[in-house]
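Protein chains in written order, with this note's numbering: chain A, 386 to 868; chain B, 29 to 241.
Check each hint, because a few of them may be wrong.
[Claimed, not checked] Pulled a few chain A residues facing chain B out of the computed Cβ check, cut under 8 angstroms:
id : residue
1  : A522
2  : R526
3  : E529
4  : A530
5  : W532
6  : L547
7  : F550
8  : F566
9  : A568
10 : S569
11 : Q572
12 : D573
13 : P575
14 : P580
15 : G611
16 : D734
[To be verified] Label pairs and their computed distance ranges (CB to CB):
id : chain 1 : residue 1 : chain 2 : residue 2 : range
17 : A       : C760      : B       : V95       : 57 to 63 angstroms
18 : A       : L669      : B       : P122      : 31 to 37 angstroms
19 : A       : T524      : B       : R81       : 44 to 50 angstroms
20 : B       : V72       : A       : L666      : 28 to 34 angstroms
21 : B       : L73       : A       : R579      : 28 to 34 angstroms
22 : B       : G91       : A       : L777      : 25 to 31 angstroms
23 : B       : V72       : A       : V403      : 34 to 40 angstroms
24 : A       : L830      : B       : R240      : 31 to 37 angstroms
25 : A       : G407      : B       : R52       : 46 to 52 angstroms
26 : B       : A238      : A       : S410      : 32 to 38 angstroms
27 : A       : A864      : B       : A84       : 50 to 56 angstroms
28 : B       : A238      : A       : L669      : 55 to 61 angstroms
29 : B       : A238      : A       : P863      : 46 to 52 angstroms
30 : B       : A238      : A       : I826      : 16 to 22 angstroms
Hints were generated in silico from the structure; no laboratory data involved. Built from N, CA and C at the ideal position, the CB exists for glycine as well.
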Amino acid sequence: MKHISLILLPLAGALISVLWPGNRSRPWIMVATSAVHTILCLWMLIDPPVVQGQQYLGFDPVARAILPCVSLLFLLVSFYGVSYLNLHADRPNRVFVGPMLCILGLLSAGHQARHLGVLWIATEGVTLAAIPLLHFAKTARAYEATWKYLLVGGSGIALSLLGSFCMGYASLHSGGHGDLFFASLIQDGPTLTRPWLLTSWVLLLAGYGTKMGLAPMHTWKPDTYGEAPGIVGAVLAGGVTTVAFTALLRVRAVVVASGAGSAADLSLMAIGLFSMLVAALFLLGTRDYKRMLAYSSVEHMGILSFAVSLGPIGMWASLFHVWSNALTKGTLFLSASTIRRNAGTRTVDDTAGMALMAPRSCMLFVTGLFAITACPPFAPFFSEITILRSALGYGHPLAAAGFLGCLFLAFLGMSRVVFAIIDARPKRSARNAVRRKPEGIGVLLPPLILILMSLWLGLFTPEILQAAWTDAVSHLNPALSKP
Amino acid sequence: MNSMLNNLIALAIGLNLIALGTSRIPSLIRAMSVQGVILGIMPVLMDHHLDWRVIAIAVATVGVKGVAIPHMLNRAMRSANIDRDMEPLIGYVPSLLLGAAGTIAVMVLSRYLPLLPHHSGSLLVPGALASVLTGFILLIGRTKAISQVCGYLILENGIYLFGLLLLESTPLMVEAGILLDLTVAVFVIGIIVDRIQREFDSLDTRKLTALRE
Numbered sequence: 386m387k388h389i390s391l392i393l394l395p396l397a398g399a400l401i402s403v404l405w406p407g408n409r410s411r412p413w414i415m416v417a418t419s420a421v422h423t424i425l426c427l428w429m430l431i432d433p434p435v436v437q438g439q440q441y442l443g444f445d446p447v448a449r450a451i452l453p454c455v456s457l458l459f460l461l462v463s464f465y466g467v468s469y470l471n472l473h474a475d476r477p478n479r480v481f482v483g484p485m486l487c488i489l490g491l492l493s494a495g496h497q498a499r500h501l502g503v504l505w506i507a508t509e510g511v512t513l514a515a516i517p518l519l520h521f522a523k524t525a526r527a528y529e530a531t532w533k534y535l536l537v538g539g540s541g542i543a544l545s546l547l548g549s550f551c552m553g554y555a556s557l558h559s560g561g562h563g564d565l566f567f568a569s570l571i572q573d574g575p576t577l578t579r580p581w582l583l584t585s586w587v588l589l590l591a592g593y594g595t596k597m598g599l600a601p602m603h604t605w606k607p608d609t610y611g612e613a614p615g616i617v618g619a620v621l622a623g624g625v626t627t628v629a630f631t632a633l634l635r636v637r638a639v640v641v642a643s644g645a646g647s648a649a650d651l652s653l654m655a656i657g658l659f660s661m662l663v664a665a666l667f668l669l670g671t672r673d674y675k676r677m678l679a680y681s682s683v684e685h686m687g688i689l690s691f692a693v694s695l696g697p698i699g700m701w702a703s704l705f706h707v708w709s710n711a712l713t714k715g716t717l718f719l720s721a722s723t724i725r726r727n728a729g730t731r732t733v734d735d736t737a738g739m740a741l742m743a744p745r746s747c748m749l750f751v752t753g754l755f756a757i758t759a760c761p762p763f764a765p766f767f768s769e770i771t772i773l774r775s776a777l778g779y780g781h782p783l784a785a786a787g788f789l790g791c792l793f794l795a796f797l798g799m800s801r802v803v804f805a806i807i808d809a810r811p812k813r814s815a816r817n818a819v820r821r822k823p824e825g826i827g828v829l830l831p832p833l834i835l836i837l838m839s840l841w842l843g844l845f846t847p848e849i850l851q852a853a854w855t856d857a858v859s860h861l862n863p864a865l866s867k868p
Numbered sequence: 029m030n031s032m033l034n035n036l037i038a039l040a041i042g043l044n045l046i047a048l049g050t051s052r053i054p055s056l057i058r059a060m061s062v063q064g065v066i067l068g069i070m071p072v073l074m075d076h077h078l079d080w081r082v083i084a085i086a087v088a089t090v091g092v093k094g095v096a097i098p099h100m101l102n103r104a105m106r107s108a109n110i111d112r113d114m115e116p117l118i119g120y121v122p123s124l125l126l127g128a129a130g131t132i133a134v135m136v137l138s139r140y141l142p143l144l145p146h147h148s149g150s151l152l153v154p155g156a157l158a159s160v161l162t163g164f165i166l167l168i169g170r171t172k173a174i175s176q177v178c179g180y181l182i183l184e185n186g187i188y189l190f191g192l193l194l195l196e197s198t199p200l201m202v203e204a205g206i207l208l209d210l211t212v213a214v215f216v217i218g219i220i221v222d223r224i225q226r227e228f229d230s231l232d233t234r235k236l237t238a239l240r241e
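Next comes chain A alone, as it looks inside the complex:
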C-alpha cells in the first residue's frame, strides 16, 4: 500500500494546506509532505515491492527508476519555496501550496500508472493543477503565458487521449478486450492491428511530446518557464516533463512488442535531433535568461528522445540523463530565480553585473551552466557521453555528429547569455531601483545541494540506481530478458 500513499499523502497535504489558516506557516506543509514522500520513495527504491500484472498503479521498475528523482527534486524545490513565498508574503499562498502538492501526488500517479487511461488522467490532472501556479505573479505577461500553455497543452492532452483510444481499438480489433493495461498490450503485441497501432503511436508521440516539450510542439515552454516562478519552472522541467517521457517509454514498449519498433525508434530519433537543433538555434538568439532555461529544457528533452532510440544502452543512459538533467536544471532554475529577484529585469539588455549584486547565486548559476552543458565531472557529462557512445556503437555516426554539434551550439548560446548578465558593472538604474534581497540560507542551500547531488551522481553513480535503471530497461524491453 506504500505506492498508494505516495499519491494520497500529497493530495491529503494539499487539502490540509487549503484549510490551513496561517499564510507564513503554510509553505512548511509542502516541505513536510514532500520529505515524507521522499523517504517513502527511497525506501521503495531500496526495497522494491512486488507488482502484479493487472494493477492500475504500482511501483514497478520504471517508476522505481524515475520517481525518486522527481521526489528529491520536489523536496529541495519546496524548501526553496518557503523562502520564496515568505518574500511574497503579500500574496495569499493558498493557491500556490495546494496545487504544488496536487502536482506531486498526480506526478506519483502518472509515474506509477500501468494503464494507459490512468496515465492519461494523471497527466491531465497535472496539466490543470499547474495553471494557478503559472499566473501566481498576476501580471499581464503571466496571463498570456497561461493562456498559451492552456491552448497548446490542452491540444496535446486531447491528442494523447485520441491516441489512447486508437490503442484501445487496436486491441479490440485484434480480438483483445480493448483494455489498456500496458502488460496485456505488450502481451498481445504481435497481434495488435498495425494501422491502428501506428496511428496511435503518432498521436501519442504528438500528444505526450507536447507535454514533454519536443519541437515543434515546444512553443508553450519558453513563455511558461519565462513567466512562472522559478520553483514552478524547476518542477515543470524536472517533474512534469518526465511523466510524459515515462508515458512515451511505456507506449514505445507496446509498439516494439508489436514488431514496429524500428518505426518508433526512427521517429523518436528524428524528433529528438530536431528538438535539439531548434533549441540550439533559439539558444543562440534568446536574450532572456529564464527563457534560455526553457530552450535548454527543450534541448534536453530532445536528448532523452534521441537516447531512447539507441537500443538498451541508450535507454539506460536516458534514465541516467533524467536524473542528471532534473537535478542540474533544478540548480539553474532556483539560482536564476534569486538572480531575477535581485536584478528586477529579465533580459541581457538591462541586466548586468549580477556577480556583484548576488554573488553566491551567480556562482551556483555558472556552475549549473557548466554542468548542464556537459562539462565534467557533473552528471550530464557522464550520461551524455554514454548516449554518444551508444549512438556510435549502434551505427549512427552522422546522428552522433549532429548530437555533438547541437550540444556545442547550445553551450555557445547559453554561456553568452549567462556571462552577459553576470559580468560587467551593474546598471545604475537597477542599482538604485531595486532593493536588494538578501541571499539567505533558504535560497542558497537547495540549489547547492542539487548541484552537489549532480556532482555526486556523476562521480559515484550509486550501484542501486544503476541496478534500478537496468531493471527498468529490461522491464521496457521484454524481448531482451528472454534468451
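Fit chain B to the known structure of chain A by using the hints.
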C-alpha cells in the same frame, strides 16, 4: 439503427461546417451546443441493452456539452460585449473550404483503417477525425478567445465520437475522463477568459504578443 446513427454523425459534420463558416459568435456557440446534444443522444441509440452507465453518459454529455458550457460561454460573450470575430487569421471562406476538403480527405483516409464487423459502414471514424480537424482550424484560425474555446470543444467532440467505438469494451473510466477533462478545462478556461478580459479590455488573443522571440 446504424443508419440513424450515421444520419446524426452527418448532422454533426454539417454543424462543423456551419461553425467554420460563421462570423457571429452566438451562431458558433449554438452550432457547438447542438452538436453536443446530438453527441449525447448517440450512446443511447447505439447500445443494444441500455444500462445505467450509458444513460448516465448521455445525460452528462447533453448537460455539459449542450447546456452548461454554452451557457458559460454566452455569459462570457455578453460580459465582454462582443459578438463577432472580425479579423480571423484564416478567413471564413478559406476555413470553410479547408474544412470541407479535410472532411473529404478523412473520409478517404479512414477507409484504410480496418473496422470491426459490427462497426463497418459507420461514419464514426471519419466523423471524429473531421471534428478534430475542424477544431484545429478554429483554434489556429480565430483570434477571439471565445472562438478558440469553441474550437477546442469541437476538437473534444471529435474525440468523444471516437470514444463511442470503445463504449462497450472499455471501463467507464476513460469515458469519465472525457467529461472530467471537458468540464474542468472549460471551467479553467472560463476563469482565464475572465482574467484576460480584465487585463486587456477585450478577448482578442492577438494582443497576447508580449512573449515572443
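In rising order, the numbers of the hints this structure does not comply with: Failing hints, ascending: 1, 8, 9, 10, 11, 12, 13, 16, 20, 22, 27, 28, 30.
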